[in-house]
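Asks: Add chains F and P to chain L, keeping to what the hints say.
The residues making up each chain are set out below.
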Amino acid sequence: MSNPPQHKLRADGGAYGRPPAHPDYELTHVGPGTPCGELMRRYWQPVALSSEVTHRPANVRILGEDLILFRDKKGRPGLLYPRCMHRGTTLFYGKVTEQGIACCYHGWEFDVEGRCLLQPCEPSGGRNREVARQPWYPVEERYGVLFAYMGPPEKKPVLLRYDIFEDLGSAEELRSDSGGFGATLDESLKIVPYSWLQMNDNAMDRFHVHVLHSTFSIVQFVPEFEVMPMVDFFTTPNGVCYSAKRKLEDGREYERLSSWLVPNVTCIPNIFDIAESKAIRIRWILPVDDSHFTMVTVYRMAKSAPPLVKLRIKGKLWSEMTDEERQDAPGDYEAQAGQGPISFHSEEHLASTDRDIIMQRRMLKAQIKVVAQGGDPVGVKFDPDEALVTVSSGNFYKTHSFVNQT
Amino acid sequence: MSNPPQHKLRADGGAYGRPPAHPDYELTHVGPGTPCGELMRRYWQPVALSSEVTHRPANVRILGEDLILFRDKKGRPGLLYPRCMHRGTTLFYGKVTEQGIACCYHGWEFDVEGRCLLQPCEPSGGRNREVARQPWYPVEERYGVLFAYMGPPEKKPVLLRYDIFEDLGSAEELRSDSGGFGATLDESLKIVPYSWLQMNDNAMDRFHVHVLHSTFSIVQFVPEFEVMPMVDFFTTPNGVCYSAKRKLEDGREYERLSSWLVPNVTCIPNIFDIAESKAIRIRWILPVDDSHFTMVTVYRMAKSAPPLVKLRIKGKLWSEMTDEERQDAPGDYEAQAGQGPISFHSEEHLASTDRDIIMQRRMLKAQIKVVAQGGDPVGVKFDPDEALVTVSSGNFYKTHSFVNQT
Amino acid sequence: MSNPPQHKLRADGGAYGRPPAHPDYELTHVGPGTPCGELMRRYWQPVALSSEVTHRPANVRILGEDLILFRDKKGRPGLLYPRCMHRGTTLFYGKVTEQGIACCYHGWEFDVEGRCLLQPCEPSGGRNREVARQPWYPVEERYGVLFAYMGPPEKKPVLLRYDIFEDLGSAEELRSDSGGFGATLDESLKIVPYSWLQMNDNAMDRFHVHVLHSTFSIVQFVPEFEVMPMVDFFTTPNGVCYSAKRKLEDGREYERLSSWLVPNVTCIPNIFDIAESKAIRIRWILPVDDSHFTMVTVYRMAKSAPPLVKLRIKGKLWSEMTDEERQDAPGDYEAQAGQGPISFHSEEHLASTDRDIIMQRRMLKAQIKVVAQGGDPVGVKFDPDEALVTVSSGNFYKTHSFVNQT
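The listed protein sequences correspond, in order, to chains L, F and P. Oh and the first sequence: position 294 is 294 in this note's numbering, straight run, nothing missing. Oh and the second sequence: position 358 is 358 in this note's numbering, straight run, nothing missing. Oh and the third sequence: position 73 is 73 in this note's numbering, straight run, nothing missing.
Just chain L, with the same shape it has in the complex:
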């Protein structure tokens, strides 16, 4: 794989004269026109929860682009370039109307797809307004989430469905949340200050669960995780799967199947309730820019289920811990943020336990290449009949053979 060349250590391993370090830009730069940015843009991305899209314009930053998000008085959501096409004032100060949004400066009004409806001070309300357009992106709502497509319009795919979120029982519902990170469920951190890749590397990294959250630190998950698993990784057409099998003390054989889908979708089974079940949640790691990301998660829950429990370490939320407490009980955040805002991949020495990361990165780079050469990356569908994704992740007991396509 075309990873940056490994750092060559001096014979005595000293720090003097070590070469300059650098990130893998191909996987971490996400702005318009960048390799990874163009891959991300080929997929619908979840940019906000539906409940966050209101009649009050909101600033959002996605894949390095600052945009305005709002819902017109008819209920239609819009995602627009913020600088009014007239003279550049941000639509953040615009007034939301029945059919769109009007800029505060001279009142130019646009609908949710950027069509100019009115230029109040111009003769006849603007004789050329039909050819005037505020740059915009298409959006669609599903599962309580607002998805946006920021790629080339002629290659816009259908918005996918996931089997685990369909056919809900009468006692079930879908919930969604945004922000937060890792296993701490601490949503105080809406925007996480490091590269999306450092979270994506972690998603499949099951060994660190053993060290970081169990043996190493205080026990943060369920006791079953104390046992070292037998791990198997394999690629699928759309991503990477891993199976972790454990023989438990009570004789049961417990298999945990997790999956990652190109480019930034994870489906990890429940960590706290490991009864036999398919996974109940899907999480997107959404790059905000090169050194920030956020996350959007959809859950399938019983209507009666209480809100998700925030993890506490010695009674404190992560956001309440001091630096010293974090040194004493480091978690996902410390491990990942500790790599820097964008890690220096040139200094990595990947080991046998990093096979999942190697697989994931290899697949990302291959798909980046496909896109660069004009093709369609895996997982992108144009036919509505192909829009349903069958998820394989879950907690399974006794025997479970892996059968399906993701």
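Keep in mind the hints are simulated off the structure, nothing from the lab. Fair warning: there could be bad hints in the mix.
Just so you know, same-sequence chains aren't split out, so a pair can sit in one copy or run between any two.
[Stated by the list, open to error] Subject to a maximum C-alpha distance of 25 Å in a straight line, what follows is the list of computed DMTMM-like cross-link-like pairs (lysine to aspartate or glutamate):
(1) K316 / E38
(2) K398 / D273
(3) K73 / E98
(4) K190 / E324
(5) K74 / E325
(6) K73 / D12
(7) K73 / E325
(8) K73 / D323
(9) K245 / E122
(10) K190 / D12
(11) K155 / E52
(12) K95 / D323
(13) K156 / D12
(14) K190 / E325
(15) K278 / D177
(16) K95 / D12
(17) K190 / D323
Replies: Positioned in the frame of chain L, the structure of chains F and P alone reads:
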């Protein structure tokens, strides 16, 4: 006019693949040696109020240059390069003396024109001090304001006079203030965090008054402004004028004449008291640097007049408003700051209502060219007999024909 | 001397058109591979007090390099590159163990010289761990201070001894402190926000003592300093010395000898107690990076001596003073910080009273050249028998002839 080429929209107007945006650097970069900076430097600029020039050295930043401002014990003002010519310590920590200022480090003393008076630790107080000079700029006081000339010394013009500030009656006085912006009269914002051009564009932009301050938002000015004016713009030798005529409900014809003088001087008639009168104030938009400016205004008032009223929106000063309140009642600041620290002029789509801005920018660029080719820009005078400017701005009723030269 | 060319003043000394200013990069840039950085790296540098090296990992920044400092459970100190060689997580969140430190992410354990002891998740604890090495620097403790050597390993010298710190009497002890600056003894400023050179220039600059601390400001030192000294500077093999002789009012002749050793070591006699004595302290000016430094000082004191007195100006510590109070009573900090984060040496006009600075800088540049050409700079010893430095600094009365080598 050599504006940056207009942004070419995609056929469907989508935001994908839009070209990079950029400012008009020619009109916004103001440092030494830049086109606009060199134009600005050909004129005396108001750098502070006389009352702000004291025996305590003050830091000021003007046209991208950090300087020290003080008044020696004899009352003479000085504007010096701050880094002592000896070894660079800032004269901000200097001690003001009878005849100048002495650096705190080794006591080198300079007068208000940078002549070195003493080098205490050197033999004979400094044998070469006569050729030693702390870089300096000439200053002059008038109308309660300290003006500085930061251009080539051999082209220093006379400091101008304005007819509306001369021949005061016994019951009249001149007042001055610095800082603040637009129509809110909120002086909490001494240095405004965006380019001078975004304020300069606004000065003549009368349509936004109708939208931003009246129909669009809550009513912020006098009711007469609800009526859409008949507007006429025309250039004069030294700038741009505009005439806004309104037929009022009571039958009167009301003409409002405003003027802008190259490069950054505005003379806008009273907004709150529109009785027949010439304009009573002149305002300079002083670039602090490329993305900041401040303003200095001189007013002619009755001695008995109370202090100027700060505008309140729903009882609050602008500086007390929350983000949400500013979204609900946006004013000049939101409209101008909302264009960014330096607007991206390459994305503008100027319309028929922007004729004034087009005229102003065209004139600025023409004068920038004159200066670059070694000539003298308009409005610069070297003969004291030509130092008086006759201002034409004002609120006028019935008939008023425009007769004079500015 | 190859100082940047002097700023050429315009005939009238005006500030218009002055050339751009710049630092002397050769003496101020201290990162790996820079001329000054490579000179600094040839010497053991004091990076922390021994008391600051604990079982809790600490972040330190030295010569532009971010490092981790800790003491393993056996009491051995370690200075490591912070990014774990596995996947880059900072060892700041590592767990200190009996024999080293273990990364929080996957538990890789390293000893204080970076040898990899264990890779917990790898088969057999890591089959290749013997060739794995976390980049490290050698450290040694002496005089209550932790010294580090960050230069080429094959040129590592012996750690020096100083005669004034040897052979302590039973009633004597060595104390050490870090941070702080100049004569104010205010340790609130651990890391000082300007270039090390601005402090180094000050160390020998005795004239400013007369102006800045005495005549100019309020009296900050002892009355004897009011008298202008007869100063003599001379180079020694390892640095620069200066002798300041004063004839006191009571007839005594008082000589004060101070020395500076290449590249950043100062030995200044006691300022407050000027009884006859060799100097009792040595201070290192340690560059943190190009625009920050800190200091480490070792003192020889009586065990019964009270803690050092913090200087108060009108009853306030420096850190408690307002901007205006600092303008009224400027000290070393104002004079040095007032030159900027890195001074613009191209604008200097050095005078006869700056001979010491000229000597010091000339010697630094000469030693920089020696190192660049592969030689050993002065003061570096490889033979333990040559490790003792005889210091000449002190306060002396009647006659004192300068006899020794530093």
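Asks: Using 25 Å as the alpha carbon limit, work out where K95 and D12 are close: within a copy, between copies, both or neither.
Replies: between (65 Å within a copy, 24 Å between copies)
Asks: Give the relationship of K155 and E52 under a CA distance limit of 25 Å: within one copy only, between copies only, both, or neither.
Replies: neither (28 Å within a copy, 60 Å between copies)
Asks: At most 25 Å between alpha carbons: which applies to K73 and D323, within, between, both or neither?
Replies: Result: close only across copies, 21 Å inter versus 46 Å intra.
Asks: Can you give me the call for K398 and D273, within, between, both or neither, at a CA distance of at most 25 Å?
Replies: within (17 Å within a copy, 83 Å between copies)
Asks: Tell me, please, which holds for K95 and D323 at an alpha-carbon limit of 25 Å: within, between, both or neither?
Replies: So K95 and D323 pass the 25 Å test across copies only (14 Å; inside, 43 Å).
Asks: How would you classify K190 and D12 at a CA-CA limit of 25 Å: within, between, both, or neither?
Replies: neither (43 Å within a copy, 33 Å between copies)
Asks: Are the CA atoms of K190 and E324 at most 25 Å apart within a copy, between copies, both, or neither?
Replies: So K190 and E324 pass the 25 Å test inside a copy (23 Å) and across (20 Å) alike.
Asks: Reference check for the pair K74 and E325, CA-CA at most 25 Å: within, between, both, or neither?
Replies: Result: close only across copies, 23 Å inter versus 49 Å intra.
Asks: Measure nothing new, just compare the shortest in-copy and cross-copy C-alpha distances for K73 and E325 to 25 Å and report within, between, both or neither.
Replies: between (48 Å within a copy, 19 Å between copies)
Asks: With 25 Å as the alpha-carbon cut-off, assign the pair K190 and D323 to within, between, both or neither.
Replies: both (20 Å within a copy, 19 Å between copies)
Asks: First find the shortest C-alpha distance between K156 and D12 inside one copy, then the shortest across copies, and answer within, between, both or neither for a cut-off of 25 Å.
Replies: between (54 Å within a copy, 13 Å between copies)
Asks: First find the shortest C-alpha distance between K73 and E98 inside one copy, then the shortest across copies, and answer within, between, both or neither for a cut-off of 25 Å.
Replies: Answer is within; shortest intra-copy Cα gap is 4 Å, inter-copy 66 Å.
The structure does not agree with the numbered hints 1, 10, 11 stated previously, though it agrees with the rest.
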